[in-house]
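For chain A, the structure is supplied; the task is to place chain B on it using the hints.
Those protein sequence lines, which keep their order, are chains A and B. Taking this note's numbering, I'd label the letters of the first sequence as residues 1 to 999. Taking this note's numbering, I'd label the letters of the second sequence as residues 1 to 488.
It is worth saying that the hints were derived from the structure and are not from the lab. Note that this is a predicted model, so its numbers are computed, not measured.
Subject to a maximum C-alpha distance of 35 Å in a straight line, what follows is the list of computed DSBU-like cross-link-like pairs (lysine-lysine):
1) Lys140/B with Lys861/A
2) Lys305/B with Lys435/A
3) Lys484/B with Lys105/A
4) Lys317/A with Lys431/A
5) Lys140/B with Lys353/A
6) Lys384/A with Lys646/A
7) Lys616/A with Lys431/A
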Amino acid sequence: MPYRTLRNIATILLLFTLGISSWANAKEPESLFPQVKAIFENHCLDCHNQLEQKGDFSLQTLSALQESGMLEPGDPAASHLLSVIITQEDEDRPSMPKNKDPLSKEQVELITQWIKQGAAWPEGIALAQPVVDDFDWWSFRPIQTPDVPATENTWIRNPIDAFVLRKLNEKGLTPSVEANRRTLIRRVTYDLIGLPPTPEEVQAFVSNPDPLAYEKLVDRLLKSPHYGERWARHWLDVVKYADTCGYDKDKLRPNAWPYRDYVIRSFNQDKPYSQFIEEQVAGDVLFPGNPDGILGLGFIAAGPWDFIGHVEVPETKIDGKVARNLDRDEMVSNTINTFTSLTIQCARCHNHKFDPFTQQHYYGLQAIFSAVDRAERVYDLDPKVEQQKIDLNQQLTKYQNEQKNIESAIQAEGGEELTALVQQIKELSSKISLKDKAPQFGYHSQISKNQTSEKWVEIDLGKRMPITSITLRPCHDDYGGIGAGFGFPVRYQIIISNTPAKIRSDQKQNVVADFTQQDQANPLLSPIKIDVTGNQARYIRVTATKLRERKNDYIFALAELQVFDEQGTNVALKAKVTSLDSIEAPVRWARTNLIDGIWPVSKNADAEKQLAQAQKEHVTLLAKIIPSERAKQKEALEKSIQETKKQLSALPQGKVVYAAASNFKTEGNFKPTMGNPRPVHFLYRGNIQAPQDLALPGVLPLTKEAVPNLSLDPAHTEGDRRAALAHWISDKQNPLTWRSIVNRIWLHHFGQAIVASPNDFGRMGQLPTHPELLDWLALEFRDHGQSFKSLHRLIVLSSTYRQASSHHESNAEIDGSNQYLWRATRRRLDAEEIRDSILTVSGKLNRTMEGPGFYQFVLEKTTHSPHYEYHKFDPNDSASHRRSIYRFIVRSSPDPYMTTLDCADSSQSTPQRGETVTSLQALALLNNRFNLAMAEHFANRLEKEYSKQQDQIKAALQLSIGRNPTETEQTQFQEFADQHGMANLCRVLFNLSEFVYLD
Amino acid sequence: MLNRRDFLTNTAWGFGGLAAQAMLHTEDARAENSISTGSNGVIQTLHHPPKAKRVIQLFMGGAASHIDLWDDKPALRKHHGEKSDFGEHVEAFQNGLGPWMQSPFKFQGYGESGKQLSEAVAPLGECVDDMAFIHNMVGKTGVHSQATYLQATGFQQPGFPGMGSWISYGLGSINENLPTFVVLPDHRGFASNGPKNWGSAFLPAKAQGTMIFPQRENPIEDLLPHADYVTPASEQATFELLDKINRQHEAQRQGDLRFESRIRSYELAAKMQLSAPEALDISQETKNTLKMYGLEKAGSTYPDKINPEEEAEYFGRKCLIARRLIERGVRFVQIWSGNDNGFPRRNWDSHEDIQRDHFPLAKGMAVGTAALIKDLKQRGLLEDTIILWTTEFGRMPSTQGAKGRDHNPFVFTNWLCGGGIKGGTSYGPSDQWGYKPLDRTNPTQVYDVHATILHQLGIDHRRFTVRHNGIDRRLTNVHGHVIKDILA
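One chain only, chain A, in its complex shape (with noise of 0.2 Å):
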């Protein structure tokens, strides 16, 4: 860049004679600096910044700015920097920033003055990312108690009432009239346990005279095991819980449900609230012994997984490092975003724009689950077993550590010899490969555990004749890296009969060759030759007694088994062969494959003679250095590793749960890390190949004074990293804990939060609407037991939630949207409760709870892409009419029924979900499969129940919309069903208003 060169010659030599002080000091008190530097930071830094220099220039430092050129003191029309931010010539906008917004006039006045003042910059400062630093905000203040109103009204029935009401009449608003008992047991039986009341309830609470009756009625929901069910399902929107990993190929995730049972039953057992976010981030350190202790950690596992990019891509390369930092993204966001409000996962590629939060803050998080993966993780298992296990692993690491120093006594003596043997074998091993491999690779017996169970392989030529020789040849196979000479036998015997293998005994066969004694090298590719001239023979039989190791197994495989006559033909083609056992998978492994004339032969013949005598100079060698009592302790070693080996898998299994791990079965790429955390970087711009400083594990500053790094003693587990981030939010002293849970307890009961953004209280959210209601509601929640249960009963006993959902002209003329609760607000139901009210009331619903989910759909094609075919699905099918929160959920095809309903995507974290009207709706609840045969069933139910076709219709009013027919009603629905029977009026009625939406 020649314009460039001279830039920099003129700034040297405008330093010279200038001198740099211009630069270096901030002399002037009045000095334009700081709002230079605030542009700069806020419009420049992102491109110009030391690490990236786009266009070779960067303005992070003084000194780099002065090597750049693009800047003289005191003369703005010779600088170049301005030059990038006014409109030139021929241009419609100035080419800097790029891709943003031009700076405002303003800005560039600003900038063209300070120039001219000689750009004075403080020494030593340089620019930094901007930091948002102010941390006064309404949702970082603590929790203060606030007064409750005390204004005096009947209508005031508890204290959300009296904050409610204040803000009513601040507004000029006024308060509705209750709604009517039949409105009040649809809406608060819904909204409790998530099912339609049934006629007789409906009848019992409409005409009982008790004043409590109310009272009783919630009670009574509340204690319902469907009330779990109802709300653990607006907890899993929250936390993204599905039973299919997502991305691509989305399999399935068979073990996820335990989790979702788990919420299910704290939500029925009141836990407190903060021991149910303990048990979901840290139960397993936590509450060690306790199944919810790992149950909960499904929380962790909840999310999409992206299986490719961890199983089938390695963690060195760039994509399954990708992977890895987007899952810990995930993990960090559904913590942070479910339990805290606050969008942290803004900070992963800068720091936050409008919340305090740095991308130091972000990876700290990062760090803090560094170490676990998602994966089946047991959680049931009897402490015995658990007490046996630790006992036999122990055992194991004991018999192996003797294993060892016999290897390394053995290696000792071996000396220099024996290691230059085993580095030759190694060489020479990498120069064999293979002429022509054929995709028949031989015999392949059955996978033992055992090094000396023994397995044979036998051929019968047909009839008895002379043979000369015997010819064994080697498999070749890659598996496991191990190539030529696979599954050859360590020791084994070749035995010749006359006499089928049933009646034969010892004195009818002839050993002819015995190599039982003594470990065997491996021939690799050489065939093995045994010379039995003038035998007789029509059986020939291989027994291996000691197995070749495979991969933490032993097999006994051959290519070829050829026996030649006296006039050197391989008369074993054709020949009939038996075995102890065999893998038959072919093309590759099959018993016929031992006869096929078909073995491995290796290009470089010089190669694998050398490397044939190397193994057996090796075995010699072993021979001589291990001394008969070491051979024997050694065996027996290795025999008792086999038996702890065999003890430790025949140890009850447990159950499992899918769910944040550490120590799982290695899948492919995908590796435990035994609890050793990852080293987590903080990323330049979020990106995997620009890491900078180790990130250290912390937790999010809510002060400017609080210390966001965790306190851990240096020899601290991963598990404490968890544990410290758990009490970090269940801590009472925790603002934004308390107040996220209220707010969305609150939402399911209004329909509108009173922060309307549920998963965000930073600056980018809506402020509350009652914020005093707001922090009584959560010291009342925090400070009395944490029950959810307790926190239901007060809002539905309030006069507030007790409103009907009528019309009023002024009112709504304020307040159109209802926002400060002049009303109750009618809302439809949502897509489960649609489902789960057709299953009732055609009398089909299954109250069986929990356990695997049931599928909506067809599974097709399981071993690569699994194909989820809801159009093949019968809905018919029993096992399908459970309760929806059982379903199967697939996260990349979601049901489309439910996802027509406005159900939850649960690739996406949904605290609240959506309402729409729409035609494919009208539809869904026409035509799908499912609504035409329930329609049927219920009318079913009907004619079954009632004789008459009047009773009919006015019960299956009661049942889907819980009142009578009017008297027009009842004779359109009854022309209708004469006309078009029973199963045609149950249809229209799932398509009631009336039955979708609640007043």
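Just chain B now, kept in the frame of chain A:
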């Protein structure tokens, strides 16, 4: 039970009160006022005068090779079989960094622009002067799932609306008798991420893509009732009774507009029951048209092995239906080619054999696509319909195995056509191998393509935002600039 044909014939006089209206109100998409944003989009006034109103997106699942279709590389012919050297360390998805491999397909120049196309896409030769190629697309990862999300939704993670959802949400529908956003998936299965690629995520549910499977008995799920007890007469009575009862209910609940919309939604549903099957019925198309789309032998039995004729029928049918939907005012149509990575391979992820899989898929795609372009053009629809051809990433110029190619997220090709796009353009060359952009500092990203499409539709991508969980989300995240060089 009613089959579709009976149902239509019968319902034409059945619940005709609603249906007749629907047919009368069927608007000719071409007659739309050019500034109109449609009836129900959130963008009431466009940000600037639009050049286009509709979009057809063709998505090749599995990653289609740029260097075997659109981006001719003479250097690969010259150095074929030589050890590949990228001049830097490369990480390939399956380490497919064997010798340089020339395309198994011949290239030839077409049109006035002389654009070199491979024989696998030869049918598109006639269209090159209407097409604008972007040869310096770069992705962020070689993992299918994330890369597919990125190209479909602008984000690598799940949980974001597809481009079609954004556009439907912003502009609404042109014809309310049909869904605003229609997706024609590969009938053999979904590409990576499945329906999440066209989900509405945090936008309202109506913005999601509606799947149509033309070959199924029920091309659109739930469109029509399949139950023995439903007859044409009961169907008419059902609509009438519902209307009556729901109106009585509404009348008692003054001030709640949702109930009026709900009643209206049933009227629209009835209209859709007539319009949708009609839009999918290609039996009235001329022989010539069918032939053009590769459908002259529709319904033939094909060999088990993947073959161009069969692929042409599948893809051509979707293209023809796309034209019919566009004609009837559907705002956004997305066509997918290629399913998951099951066996046997029926997608573009040619790790094993470019010749075996790319040729039939490409030929089939090219037949349908060329027909679509020419057909839209002759009907005057191409000028305000944008076609975008895309895929999740490209393939490496080196060999994997003996005949395959590994993933190349470092450079690949997109092309656009129609809707004010400058035809005969080749923008942003890749390097001599097709390994990375020639100018590595100025690549094109999906944000730029999305920004350009929104721009042509009259939308400034930076101003079209939706607040979700405290963040102002937009299709282009915080990136994107309009690619002026490919605009007419």
